[in-house]
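Student: Spelled out from the first residue to the last, the chains are:
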Amino acid sequence: MNWKSLLRHETFLALLLVVVLIVLSFQSDRFFTVSNLLNQGRLMTEIGLIAIAMTFVIATGGIDLSVGSILGLTAILTGVFWQNVGLPLPVAAVAAIAVGTFAGFVNGLIITRFTVPPLIATLATLALYRGLAEGISQARSVRGYPDWFYVLGQGEVLGVPTQLWILAAAAIIASIILAYTRWGRTVYAIGSNEVASRFSGLSVEKTKLALYTASGFAAALAGVIFVSRVSTTRSDMGTGIELDAITAVVLGGTSIFGGRGTIAGTMIGLCLIQALKNGLSLAGVKGDGTIMLIGAVLILAILASNLFERSGTR
Amino acid sequence: MRNRVLSALLALSFSTSLSHAQSAAWTGGDDLPTNPLACDATPATAAAKPYDGGSPTNAPDRKGKTLKVVDVPKLVGIGYFNATSKGIADAAKEIGTIDAKTDGPSKANIDDQITLIDNYITSGVDGILFAANDPVAIAPVLKKALAAGINVVGYDANSTPDARQWFVNQAEFNGIAKAMVDSMAKETGEDGAFAIVTSTFTTPNQARWIAEMAAYQAKCHPKMKWLETVEAQEDNILSFNQTNTLLNKYGDELKGVFGMTSVATPAAADAVTQAKKCGKVAVVGLATPNAMKPYVAADCVKSVVLWNPVDLGYAAAHVLRAVADGTLAPGATSVKAGKLGDLSVINGSEILLGAPTVFSKDNINNFDF
Amino acid sequence: MTAAPYVSLTGMSKSFVGVKALKDVSFDVRPGEVHALLGENGAGKSTLIKMMSGLYSPDAGTITIDGKEVRFASTRDASAAGIATVYQELLLFPELTVAENVFLGNYPRRPGGWIDWSEVRARTRALLDQLDTFDLDVDAKVLTLSVAQRQRVEIAKALSKDARILIMDEPTASLVESDVQRLMAVVRQLRERGVGIVYVSHRMPEIFALADRVTVLRDGGYVATRDIGEVDEAELVSMMVGRPIDSLFPKAEAAIGDTVLEVKNLNHGRHVQDLSFSLRRGEILGVAGLVGSGRTELALTLFGMTPATSGSISLEGRTVSITSPRQARDLGIAYVPEDRGQQGLVKQMAIRKNVSMASIERFSSGIFIKAGEEAQRALDAVKRLRVRCRNIAQPVGELSGGNQQKVVIAKWLETNPKVLILDEPTRGVDVGAKAEIHTIMGELVKQGVAILMISSELPEVLGMSDRILVISGGRLTGEIDRADATPERVGMAMTAHQSGEAA
Amino acid sequence: MSVIVDLPPTRPATERPGFLRRLFADYGQELVVLAAIIVLFAVVMLVNPRFISANNLTTIFAGNAYIAVAAIGMAMVIITGHIDVSVGALIGVLATISGTLAVAGYPVWIAWLAPVLVGMAVNACIGALVAYARIPSIVVTLGALSIMRGGLISFTGGTWITDLPPAFLIAQKSVFGLPVPLVFMVVLTVLAALWMRYSAFGRSLYAIGGNAEAALATGIPVERRTVAVFVIHGAFAGLATILFATQLQVIQSTVPPNLELTVITAAVIGGVSILGGSGTVIGSTLATILFATIGSALIFVNVSAYWLRAVIGLLILATVLADMLRRRGRL
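Chains as they are written, first to last, in my numbering: chain F, 1 to 314; chain V, 315 to 683; chain P, 684 to 1186; chain U, 1187 to 1517.
Because the hints were derived from the structure by calculation, they are not lab data. Just so you know, even glycine gets a beta-carbon here, dropped at the ideal spot from N, CA and C.
Over the 12 Å line for every Cβ pair with chain P, so calculated as not near, a few chain U residues:
(1) Ile1238
(2) Thr1244
(3) Ile1296
(4) Trp1298
(5) Gly1343
(6) Gln1358
(7) Val1376
(8) Ala1379
(9) Val1417
Each computed SDA-like pair below joins lysine to any residue, with the alpha-carbon atoms no more than 25 Å apart:
(10) F:Lys286 with V:Gly438
(11) P:Lys703 with U:Glu1399
(12) V:Lys363 with F:Arg143
(13) V:Lys457 with F:Arg143
(14) V:Lys379 with V:Asp413
(15) V:Lys500 with V:Lys591
(16) V:Lys457 with F:Gly159
(17) V:Lys675 with U:Thr1348
(18) V:Lys590 with U:Thr1348
(19) V:Lys590 with U:Val1366
(20) P:Lys844 with U:Ser1385
(21) V:Lys591 with U:Ser1239
(22) P:Lys1030 with F:Thr112
(23) V:Lys616 with V:Asp354
(24) V:Lys400 with U:Val1289
(25) V:Lys591 with U:Val1369
(26) V:Lys616 with U:Asp1349
(27) V:Lys457 with F:Gly284
(28) V:Lys458 with F:Arg30
(29) P:Lys703 with F:Leu307
(30) V:Lys590 with U:Ser1239
(31) U:Lys1359 with V:Ala589
(32) F:Lys286 with V:Ile409
(33) V:Lys458 with F:Leu158
(34) V:Lys590 with U:Leu1355
(35) V:Lys539 with U:Gly1481
(36) V:Lys407 with U:Gly1343
(37) P:Lys824 with U:Leu1402
Incomplete in silico selection of chain F near chain V, CB under 8 Å:
(38) Val230
(39) Ser231
(40) Thr232
Chain F extracted, bound-state conformation:
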């Protein structure tokens, strides 16, 4: 049964997360504190936003490697629009997000109109968008934003980091869309069998176009939050974030071949990675050791859930 096996992976992952949390809180008494956990939420927001959109994209059997570059491009444009063009900062940020969203739309166009496989299309735009960020910025940073802007990335609302509200809202909305709406159904249908979806009158192209656009939007929004969090723009922002997001999505049980995956899984995967990064660091493990362990967890988690599934169905 499809949904049962899916549930099994997420349950397993959630259990793993609980075990990891328990073990880590024994390692360091500073780990399992409200302030630390909230703070970790702040740090994982950008990856989280991108991973949510990426879950949809991967569930259709696609992939978007250009998100890191879109993040960088948006960051740069926020600064350039504000400082060089002279737009008011909110307008500049919205305009930059619009461009980032458009970059995602272009990905979608290349993929749907020219039927270029998503991996190749976004591999090309990965280079292109990063290049644009570099060219437009001339490698200059833009700094010195007004203080109110930092509320987004460094401030708190009701005691919780501002961007965590955004991430939580995005996660809830996205999981409702994926699980309960016809858009979500269309996503799974495309991921399982694109041809049959088309033959069933589903708008495959429009859906894909919308998803890559949404992925661009998520990356762009993450870009602005990132700028607000680190108070500066640089054209190399977000380099390699695509792999982090994909890792969270895949760890969360979304099939890389499409057709299955949930936002809950992605969020658990994301939390697991962040908890490992933070907890191990608090427990005195160095960054390089943490990377190794996350790699091993990724392989072992998928291996374990594969084994579960097989023993269940045979």
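The hints should help you fit chains V, P and U onto chain F, whose structure is shown.
Tutor: Chains V, P and U in isolation, oriented as in the chain F frame:
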């Protein structure tokens, strides 16, 4: 179809390059104000400036107590930061009351570095030593550390001053620029043409050096000709290929290559060596001596500019100790740094390591880092 | 002559996830005979075949070759024992050439281990010539071949291994009549050469034309083995289904009403040229033609997959332009495609979700899916169309072909179509389900739906249609009323383009 | 019941398509890439004739040979229907091993052989996880990437390897006046291309990538072949490492930035279908040369360094789109 696309692209690239050629500044520099030194050896007269660093909130009295210190360089896994890390370890051993460890991102990535520092703040260290990947981006997390009562000292790459207490300046940007350009002028003559191989244009230190070099060259060696700057990441094969391409493009016109990173400089030297242009094309650059020994020994590279990164780490650890003990307080004019003796305070809250060292065939074998 | 069996299977049993797929079945094949294996889908034919070809290992039972007991650990073992299989879904590699496909995994070598490519090509040529297939380039990539040509390649591949036993799993399911004839000739020729053939098919005429013996399975169990002379069609069908079947083609009398669909001078590419016809309420319009004649392309054009380049389509008197399946659906055109697995269904998804897929907007309020209503409608559909399944949450891929087809039909009925296009509605569907699908068609036309039925099976076209369109080379070469339709007339029109008489 | 339709037993024999059409059909993408290289050379040559000086040709062809060699193995993996995002990290690890052995005074042939063997061993593990544990290759290699990147820093601490014995530096040598990396690249590409086109093993990789289930039913040992192709890919990564580690007199013992993306891009731009089952290693090598040519050309035509990467992105996109248009035209 295809040809049209290509020619359109090429036309585009020409036009962008033309529009760029009109600006006089070197590619790769930043747009902050420059302050070139005098052409002769006159030392810069430093204007006295009040302390502009930050201070930790409610820091406990750490005098004489063992400090738990974490050193977060830009990235781990390169020779330069291995050397600073070694210096910190040496100092810790010598002082005895510092428990230091180095942990950094595996790529020079601002976000990873911020996350790491954040984790260490939570885990409760007494002191943080850092080399910033971005001066502004790192500021919020450092301020958070100060607010948590942690002593924060920078080295190698600064943050905004109010985000840390002190910064150990290995050599001022204009000092490095002078040493580099003077060395190049000596080797290629006053009218030589040269090119630059850097890591990425977004790396702040490199951008600052390039900007200062441009200003100094314009002031003191006006006839030298800057050809272009190329990016080569932190990738030595790419640096090698880029240098080769420059050699091929300019032929005999190219008289010198600046390597702006400890990765680019040996690769550039290797390119010149393998092109059998030793002596015809000068390589001047920032690099660690160990990586440069073969080229210096073969007389292919005459001068390598670098401060001693082991000393830099060593000084940083001493400064941190002094800050924690309260012996280095705002307004001080110098600080004792073990075997390095007294180091002077400049620019309000910076501690100067000294003039950069120019390594040559005579002294390079005295260094091992 | 009753030679000793070359291969015999005794007491074979196999279960999957606790469900018995095969219970104590025995089966044997003699050299030089065609042994037909019959049964509805799910009767255990595929399981039996797969054990014979080494893909599955039995839970119980023995296989003997020439009287000696053997165990097949892999397909390699089986093929070493002289057993080769031509699967229903042809196992060819589109990017490889014909010759490579034939000898893949089994290349003739030169000393030193290098493949002797000239030998590969020469022997492939020889094998194809034996099959009277002189027109196939051994260097052509398989992706460029037609289904019939691919099947020939698959048979050549089986023969290349000096097969003593050749298992053919529904070899004619996707062939047009003329290719079926050629295939039957090949089978006879192989039988002459002493090859034992296991022939699985749903098509009775072929079985009576070819088989020497026939074995029937039902629900994983063994029913009987008979010489072909001892049985007639009705008897075989009732053995398979377990009950007597009145008629395979229950033609329902429906009142034929006004014209729903009017097509004039429709064009798309090479395969749809200048087609004009009309379709009325309550009518079943059969479309006959060879593979590649443009039958399916006509359907795809009407359905908006490959929008018409010129010509007009009017629905209930209103001229429409159809550029996407979605639009076709909104206009009341439904299409049950010929490739069920690829185009018709999302196999991993539950029955419920497949049923609602084409009309998901109707099951939604705003963007949200009304799960309760969706489930209710799916339950109704399953009951109405007699889909055999555990429950509506079962993935469609686990159902038999006939039940899968019913789900596809159910999906389109949810859109309340005015025009229902059925492309090969009973291909790969077993006898019982076939009759049921035909009954459903009858019920639909009674409700006033207009059906356009494309089929390669002439008996089906003749049995179900009120009128028959014949297409050849993308052009209309005949329009025949039910009363005048004979196999010969339809057959003539199907090959008409070669004489160039089409307008 | 059935209708007998008499058809002549043979239809008119389909004519064998001509050599050129066949070439276009079989090597379409490769020809697009080749054309792009030639056009670039022609245009840049006009701007600056030094572009085709012997030295610059050496830089373009030999300087990036290690990428081409790694891309050969990557092409094979992708043809089989898998992917490997850990190859950059693997090359970093192997280079460190090789350099360490060379400096430690082992004979140079051991220092050359070690990366090949270790590469094969590491990828055997990856291949086994993919083939037998049935974990998607992108997941396994994403994990392996983390493990190797972290592990390399843990173990070396990033110390550079210097004082390499001159005999070790094979990439700086020449045979018959040709730089060794060029020879490596050409010989390995030709051997691999012949092997992929004419050997039973090579053909079976296309079969597995085209339809793994069918391949299994045809009697191809799919699991064993999958492990084998990863092992071979490991060997090519080892060979690439030899070039990578001996190009300079020092070895930077970290993972070269974005090398895996470069290698994958080379393979797919060279025409290897990301879905498996088609493509050639000639394509991947040509694509590597195309990238090297673009990189060099943009310096020669004075593209502003700030816009360089954008132009590279555009050129890649143009190549991809040109190929898609070509395919459309054929359909």
